[in-house]
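**Q** Single-letter residue listing:
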Amino acid sequence: MSIVAGLSKKPVGSSPGSVVYVGKENTSPISISRIRYGLDSCEPAQIILPAECRPEPGQKGVSWYTIDGVHQVESLKTIGDNFKLHPLVVEDIVNTTQRPKIEDFGDYLFVAVKMITYNSEARRIQAEHVSIICGEDFVLLFLEDEGDVFEPIRQRLAAGKGSLRKLGADYLMYALLDSVVDYYFQVIEQIGEDIEDVEDEVVVQPTVKTLRDIHRIKRELIALRRSVWPIREIVNSLLRDDSPLVGKEVRIFLRDLYDHTIQVIDTVETLRDIMASALDVYLSSVSNKLNQVMKVLTVVSTIFIPITFVVGVYGMNFRHMPELEWYYGYPAVWAFIVFLSGALLAIFKRKGWM
Amino acid sequence: MSIVAGLSKKPVGSSPGSVVYVGKENTSPISISRIRYGLDSCEPAQIILPAECRPEPGQKGVSWYTIDGVHQVESLKTIGDNFKLHPLVVEDIVNTTQRPKIEDFGDYLFVAVKMITYNSEARRIQAEHVSIICGEDFVLLFLEDEGDVFEPIRQRLAAGKGSLRKLGADYLMYALLDSVVDYYFQVIEQIGEDIEDVEDEVVVQPTVKTLRDIHRIKRELIALRRSVWPIREIVNSLLRDDSPLVGKEVRIFLRDLYDHTIQVIDTVETLRDIMASALDVYLSSVSNKLNQVMKVLTVVSTIFIPITFVVGVYGMNFRHMPELEWYYGYPAVWAFIVFLSGALLAIFKRKGWM
Amino acid sequence: MSIVAGLSKKPVGSSPGSVVYVGKENTSPISISRIRYGLDSCEPAQIILPAECRPEPGQKGVSWYTIDGVHQVESLKTIGDNFKLHPLVVEDIVNTTQRPKIEDFGDYLFVAVKMITYNSEARRIQAEHVSIICGEDFVLLFLEDEGDVFEPIRQRLAAGKGSLRKLGADYLMYALLDSVVDYYFQVIEQIGEDIEDVEDEVVVQPTVKTLRDIHRIKRELIALRRSVWPIREIVNSLLRDDSPLVGKEVRIFLRDLYDHTIQVIDTVETLRDIMASALDVYLSSVSNKLNQVMKVLTVVSTIFIPITFVVGVYGMNFRHMPELEWYYGYPAVWAFIVFLSGALLAIFKRKGWM
Amino acid sequence: MSIVAGLSKKPVGSSPGSVVYVGKENTSPISISRIRYGLDSCEPAQIILPAECRPEPGQKGVSWYTIDGVHQVESLKTIGDNFKLHPLVVEDIVNTTQRPKIEDFGDYLFVAVKMITYNSEARRIQAEHVSIICGEDFVLLFLEDEGDVFEPIRQRLAAGKGSLRKLGADYLMYALLDSVVDYYFQVIEQIGEDIEDVEDEVVVQPTVKTLRDIHRIKRELIALRRSVWPIREIVNSLLRDDSPLVGKEVRIFLRDLYDHTIQVIDTVETLRDIMASALDVYLSSVSNKLNQVMKVLTVVSTIFIPITFVVGVYGMNFRHMPELEWYYGYPAVWAFIVFLSGALLAIFKRKGWM
Amino acid sequence: MSIVAGLSKKPVGSSPGSVVYVGKENTSPISISRIRYGLDSCEPAQIILPAECRPEPGQKGVSWYTIDGVHQVESLKTIGDNFKLHPLVVEDIVNTTQRPKIEDFGDYLFVAVKMITYNSEARRIQAEHVSIICGEDFVLLFLEDEGDVFEPIRQRLAAGKGSLRKLGADYLMYALLDSVVDYYFQVIEQIGEDIEDVEDEVVVQPTVKTLRDIHRIKRELIALRRSVWPIREIVNSLLRDDSPLVGKEVRIFLRDLYDHTIQVIDTVETLRDIMASALDVYLSSVSNKLNQVMKVLTVVSTIFIPITFVVGVYGMNFRHMPELEWYYGYPAVWAFIVFLSGALLAIFKRKGWM
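Residue numbers (the numbering used here), protein chains in the order written: chain A, 6 to 359; chain B, 6 to 359; chain C, 6 to 359; chain D, 6 to 359; chain E, 6 to 359.
There may be inaccurate statements among the hints.
Because identical chains cannot be distinguished in the list, a pair is counted as satisfied if it fits within a single copy or across any two copies.
To be verified - Cross-link-like lysine-lysine pairs, in silico, DSS-like; alpha carbons within 25 Å at most:
| id | residue 1 | residue 2 |
| --- | --- | --- |
| 1 | K214 | K294 |
| 2 | K354 | K294 |
| 3 | K356 | K214 |
| 4 | K294 | K356 |
| 5 | K82 | K29 |
| 6 | K354 | K214 |
| 7 | K253 | K171 |
| 8 | K82 | K171 |
| 9 | K166 | K82 |
| 10 | K171 | K89 |
| 11 | K166 | K89 |
| 12 | K89 | K65 |
| 13 | K166 | K65 |
| 14 | K65 | K171 |
| 15 | K166 | K253 |
| 16 | K253 | K65 |
Hints were generated in silico from the structure; no laboratory data involved.
Next comes chain A alone, as it looks inside the complex (with noise of 0.2 Å):
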């Protein structure tokens, strides 16, 4: 998850409300689709152009506008004029690096979130930008790519289950945010069975692919963090404001919505600790490690070091050396050796070294 890529993209000095796409480039077109639904009735997903994607007075319950893709500027301007959204909010939309936020227009809510996923194989966080603008009657959900996330709450809207038909759009916005954090938990449960691979090693045997994954993860978690932490400002902010688009059934879900992201954030922190523990245990680790190589060389240097000297003295050439010549010198210096080793080791076992 890149952290700082796109942020300026937008050119210094340019009108506030100007909309200028940051994110990768995009050339297939973007798709809209509507479902309307209410207490008796869900309309089928239907597909539609920009141009009618707009507010139906005469309409009877919800309608659920999704736009996959937010790189064709022109098409969102259309919906943002449809709507009468601030040109603020529609460069929001567009601006896929905008951070986590919510604003109360009266008349609408605009949220904008990250959608996180765990891409297995890059062993990486995937970000991806979604604003849900609510509206009295209507949800707008802009996707950055096209995507089926949200494909169990259509479901749920066709099975006529749980809450969805009984309650408004409040309810609808509640249930996007909740499949967003729902795979919050997922991401984390990835990330802490990296983090178990990971304390594994360290103690073990810590290689610098270790130390490459603990700043990996150290990473992924600092980039999970932030995208949270707004999640729940906004959570907190839907409960805690008295927006009239917002229901009182709905704020006993968004309570426990909050209770969620908190539990969410909690995990990220204390993940964050084990981690910084872990690089601590890193550390030591490779210095016991080294204390260890440097052990068995000192005991090696310093049991032949001196008894390589005692065989160099009788290897010197002076003519009157009177030990050379003794019948028993050699096994003497033998006897010598063995002793002088056996001492060291002896001296070596006491200190703990071997």
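Dock chains B, C, D and E against the given chain A, drawing on the hints supplied.
**A** Chains B, C, D and E only, in chain A's frame:
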């Protein structure tokens, strides 16, 4: 205490309020017992069926239902329907990964906490999800496993001592929470003993096992902290919020419980500080030992490498090497070697390396 | 970006409100330009004298004065007197080490911020002190150096696009602040690229240069943070305080600017976290490499030192050394050496040192 | 100062308000003394029985009861009943592991603090649990051990100097707390001296003892902090809450005490910062010394290993080695060795290793 | 700047409000001077006796008393009685270890701050305890040592420039505090220069002196921070509290002073961050250098140890060693040695160790 296991077993996008058990698999039936008591009487515990677990308006006194096991979703739904619990509450009772929390639904309070015990064999904290529903004249206690940790309360009820029989369901809820917090003190004391062992090892003889212990204790403290912080919020909320379910007399006891919770938190934070310091000392100790090892190696090498060179010189086979012919050549070399070693030893002594 | 230079150039004990220039020396004259604009008209920029820089009550529309250079104290005093600015304000305009701040003097708002740019050659952030006075129908913009960073705003004014001509002096102040914050995004993106370079180096091939880069980037981030935190307070104060100078329509834009500022702060904190992690990785990497080096040394020494001892033994000149006379003595020694080396190699392989 | 000892001696699940002594075992009887004083009179201290320790409505002036020892639970219960103390208060008096706290029961205030002294032999802080009950016209002071730390207050009472006789029981409570806080200053000053010793050692000659001292001082500071933070809350609560038991005149003195408490906290935090810095310096110092040792080893090895190789070459026994026959072969080798060593020494000098 | 010296010189249990001097011993008499000034007049400074230092109700204008020295307790008590100061105030004036604070006694304000200067020889911050009493028409300034740091204010008074003569005693108090804060800027700038020196050393050539400097600067910053944080609270309290002694016009100046204090704090925190980073770099640098040293040792050893073994082989005295008899045996050994060394060098080059 696993931190992420089971976080995401509930399918993403499933309906909020859908009840999914996420704990370890369990096929034994759940058992429900009921104790009815009042100022003058206390019926002994009776085993009842889920369907019998429901409010009895005519009844006087307090009914305390203990449900051992939360893995039979249907039974819990029945109980939830009987007591008109919000679907989200039943979901939270069953979800054993739920973070501790309190929710005031007007007619009843829902409290979820973690009951912890210390498995001294595995040297691990074990957490059990405990949910309490406190109504006007009943308390529902949901336990993850069968167990008898609240037996002393039952005995106090039977004996009729203390305030249990005098005060209502709110006091029973307080007594249950107080028991839970008492267990935290026990666990902390046992971790405290582990820490004292580690502190002794860390300066005197740090090994890889010490490091592993430090990491393990830090993890346990992180997990402990995670469980106890929300309890503080829960008790504070019981104290501060004006729920008519919590009487004035019980609030004095809750204030005391709040102090205990603060003391637990405070001790956990203190132990974390001590462990952080212990890890620093560990690292420094390992560095110190490395230093010691290197000094030995350096002293030995620095003394023997030069004198080995000297004897090497007189092992050369040049035809014209006048020293070799000298009569006192050999003793002169020895004299030089002794002098050199002595000088080097003196230098090392002055440097404090020996 | 120097953090302390020039802090104390003003003589201690000098009268508050005394105007002393503390920036780099500068003898070029300061230049003042004025743009007058309204809903329907926009006069081009005109060069004027300090004395002409004063309120013109009869005039309709907004007057925007740009003062390039704050080193000519007398001129600034003249302008201050013309607009009846508090002496402390003029002191703060001239004091280029002034921390960003906002003050509401009733008739006008005084805002001081740091305009930052990234000097990609020196790889250093450069900061310029920018002061803005916003009155009912005028804006005074004081710049430390001549420069054209606000040119796009002038062009938008001339073109009459966007809200600039429709809304008043408060919107112009907003537009100026928005441009300043846009530059922060640019600088952050460039630092972000530097960080990615460093992160690559740090695991693969850490050098002294990497260390220097880490320290430099950490310093830049500290300086950046120091500049941007007060801007958050400034924008928040504009939003929250009920100054009649800031209109309701402009507040929506300020809310957006506030979000941008939060995003800058958030990104800076995230980058700081990443750099902290990178430094930890650096240290671990260096320890790892040391370990690697030591293993090579130990393996080589531990194999060759014993066998060198063996050959030393048979270099001794004792008269009575039976092995020397054996016919297969020499090959036997070789066999022993090969066996010993092989055994040691096998041990090192099992230990994972090779 | 043990942090966890005795935390959990009370049986889990025992009735709240059950009085269990958890301190060190003690069989000596507890002694109770009473001082009665008023504006004009001061009765000397009288030894009384627990049953006599009770309110005397007719009596004028203030009665100060000192109870030395909290290990005789029955006596304390008698006193508690006499003064109609809440059972939880008696529990907290007896529980010597109780965290410092204040509770306002309307008729009386309950304050528990830690009295600390510095055992300069063991270089350890010793804490004593002190409980104060302050009523309209009486003060109960419960001490864990017999001792005379409040003797100066008794002397001031007898002498009739200062405000003690003029003001009521609230001022006596203030005077007791003030004495307790004064002891904190003494302890801090003694720890401060220890720290100065450690700081000197840490750069000059760091040893394992230094490390042990650093860890010990850090622990003492952690314990100190834990004792003093709650006192701040206690004094603040006395100042802020509108208890009719605390008079206006005494509040000025409490404000001063509050400042002292802040100063203690502030100094403890500062000392903690200094110790953290000292540990960093310790680690760096140890690394530095290791560097020094390694440089010596490397210089010696790098000079002697090559020249030892050279002399080894001419110790070979090849039949055809022309150099061996040269007349100046031997001096030539010496010349080469001297040149080589000189060159290497020059290189090391340039590198700054010598 | 010693942090704990003198904290506890006052006897434990002594009466609050008892006046005990705790600073360095001093036998010189204290000197008191008075300046009377009004809008049109300014009497020069007059030396007066302690008894003359008292309110003069008939007098117009402001009287500024400067008391140089707080070691003569009796004189200070006299002054305290004359101005009806609370005994605790006199205690705080004399207690030079008193933490900076403000207290509003209705008739007068009591402000205590630390005046700091940088002793550039000892490279140490020196702190002086300064107390200010500000009444309706008088200011009492108590200094620990004689000194002239407020001389510029006296000159501005005499010259009649600025607001000093126009505004009252509150402005004089402001001017004194402003001077004190100006000195903080000077000290910070000098520490900043020290830091730049250290930063240069730390990467290029870290020595033990660098380490000592880092520790010293960190300590100075800790002490500085300790002095300046309370000043922020003091100025904030002057701004926020509605004391009738502080006029509206002076509050604008206090707002400016508040900004300066924030800037001091902010700079100190920034410098602390930079020093923390510098210490990390130091540690990394030392590790780097160790690595460098070890590589040299390893390269030298790994090349020479094997070839020394080779020449050792042919120094053996076996009777049957066919190679020794070969005509080209000697050159063959040289060829092998050159080849082996070349191969090892190539390996090290590829590993980047040379």
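**Q** With reference to the structure, classify each hint as holding or not holding.
**A** Now the hints, each set against the structure:
1. Taking the shortest alpha-carbon separations for K214 and K294, both the intra-copy value of 16 Å and the inter-copy value of 13 Å come in at or below 25 Å.
2. For the identical chains of this complex, K354 and K294 are neighbours both inside a copy (19 Å) and across copies (15 Å), given an alpha-carbon limit of 25 Å.
3. In this homomeric assembly, K356 and K214 come within 25 Å of each other (Cα to Cα) only across copies, at 18 Å, whereas the closest approach inside a single copy is 34 Å.
4. With identical chains, the CA atoms of K294 and K356 are at most 25 Å apart both within one copy (17 Å) and between copies (11 Å).
5. In this assembly of identical chains, K82 and K29 lie within 25 Å of each other by CA distance solely inside one copy; the values are 19 Å within and 48 Å between copies.
6. Proximity of K354 to K214 under the C-alpha cut-off of 25 Å is restricted to the inter-copy arrangement: shortest distance 20 Å between copies versus 34 Å within a copy.
7. For the identical chains of this complex, K253 and K171 are intra-copy neighbours only, at 14 Å inside a copy versus 38 Å across copies, given an alpha-carbon limit of 25 Å.
8. In the homo-oligomer, the alpha carbons of K82 and K171 lie at most 25 Å apart only across protomers (21 Å), although the nearest pairing inside one protomer, at 32 Å, exceeds that limit.
9. Taking the shortest Cα distances, K166 and K82 sit within 25 Å of each other only across copies (17 Å), while inside one copy they are farther apart (35 Å).
10. In this assembly of identical chains, the alpha carbons of K171 and K89 lie at most 25 Å apart only when taken from different copies (19 Å versus 27 Å within one copy).
11. In this assembly of identical chains, K166 and K89 lie within 25 Å of each other by CA distance solely across copies; the values are 19 Å between and 33 Å within a copy.
12. With identical chains, the CA atoms of K89 and K65 are at most 25 Å apart within one copy only, with a shortest distance of 20 Å there and 32 Å across copies.
13. Taking the closest pair of Cα atoms, K166 and K65 come within 25 Å of each other only inside a single copy of the chain (20 Å); across copies the shortest separation is 39 Å, beyond that limit.
14. When the C-alpha separation of K65 and K171 is checked against a cutoff of 25 Å, the pair qualifies only within one copy, where the shortest distance is 13 Å, while the shortest distance between copies is 39 Å.
15. For the identical chains of this complex, K166 and K253 are intra-copy neighbours only, at 20 Å inside a copy versus 43 Å across copies, given an alpha-carbon limit of 25 Å.
16. Taking the closest pair of Cα atoms, K253 and K65 come within 25 Å of each other only inside a single copy of the chain (21 Å); across copies the shortest separation is 34 Å, beyond that limit.
Checked against the numbered hints listed earlier, the structure breaks none of them; every hint is satisfied.
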